[in-house]
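Trainee: Residues per chain are reported as follows:
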Amino acid sequence: ETGVTQTPRHLVMGMTNKKSLKCEQHLGHNAMYWYKQSAKKPLELMFVYSLEERVENNSVPSRFSPECPNSSHLFLHLHTLQPEDSALYLCASSQDGDINYGYTFGSGTRLTVV
Amino acid sequence: QKEVEQNSGPLSVPEGAIASLNCTYSDRVSQSFFWYRQYSGKSPELIMSIYSNGDKEDGRFTAQLNKASQYVSLLIRDSQPSDSATYLCAVRYAGGTSYGKLTFGQGTILTVHP
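Protein sequences, first through last, are from chains S and X. Everything in the first sequence is counted per the numbering used here, starting at 1 for the first residue and increasing by one. Everything in the second sequence is counted per the numbering used here, starting at 1 for the first residue and increasing by one.
These are computed hints drawn from the structure, not numbers from a lab. One or more hints might be untrue.
[As the list claims (entries may be wrong)] Restraint-style ranges between C-beta atoms, simulated for each label pair:
id, chain 1, residue 1, chain 2, residue 2, range
1, S, Asn17, X, Glu45, 28 to 34 Å
2, X, Asp58, S, Pro69, 35 to 41 Å
3, X, Ser20, S, Glu52, 40 to 46 Å
Only a predicted model underlies this, so the values are computations on that prediction, with no experimental measurement involved. Glycine included, C-beta positions come from ideal geometry on N, C-alpha and C.
The shape of chain S in the complex, shown without the other chains:
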C-alpha cells in the first residue's frame, strides 16, 4: 500500500448507529488531518494531529470523536449523527516542519446518514 488509504469508501448509517472511519498513511508523515466536504461547500477542517497530539479541533460537534494511536493511523468515531452530517470525509497527511509540503489526501469516505 502506498499513499493515504481510507476505509470504508462508502458508508450508510442510521442516526442511532456507531461507526468508525479509518485512515492510514504510508508516507512517513508526522501530521494527519480530517476534513469534511459537503456539496458545493469548501473543505472544512475538523481535526489536526501533529506528532500524534491533537493540536486543533474546529468546534466540531462531540458526535465526532477522533483518535490517533500512532503517526500512521487516524480514526474518526461517529455516533448519533444527523442527516446534515452526510458528506465526503477526507483524511490527509503532511510533513510538519517543511513549509514546502502540501497535503496528500486519501480517497475519502462518502458518508450518508439516514
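Assemble chain X onto chain S, guided by the hints.
Mentor: Frame of chain S; chain X shown alone:
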C-alpha cells in the same frame, strides 16, 4: 480570519485554449501556495506548488505568485476536456502554529468543452 478566495465559476473554455484560474489571500505572512485538482466525487490531488514570486512551470501548468498583490494563479495551456474539474487554491501560513495547516479556497469549477 485568514481567507483564501476564488471565483467559484464555472469557468468554461474551449479545448486548446488557456484556462486562467485566480486566487487571492488575505494574510501577508503566507509561506507557500498550492493548487489541487478535484474531479467530481474524488479527493483533491496536488498538481502545483509555489513558494517564491514569479512563475513556475510544469508541463501544461504554470503557477504564478505575486506576494505584493497577494495573488496566485494557475494557467493551463492547451486545455483538454480531461482538465474539467474543480481547482482548489490552498495557502500555508507562517507563524502561530508549528504544524503545516493549509487554508483552502472554495474552488473554481473548470469546464473544457470540445
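Trainee: List in ascending order the numbers of the hints, as given earlier, that are violated by the structure.
Mentor: As far as the earlier hints go, not one is violated by this structure.
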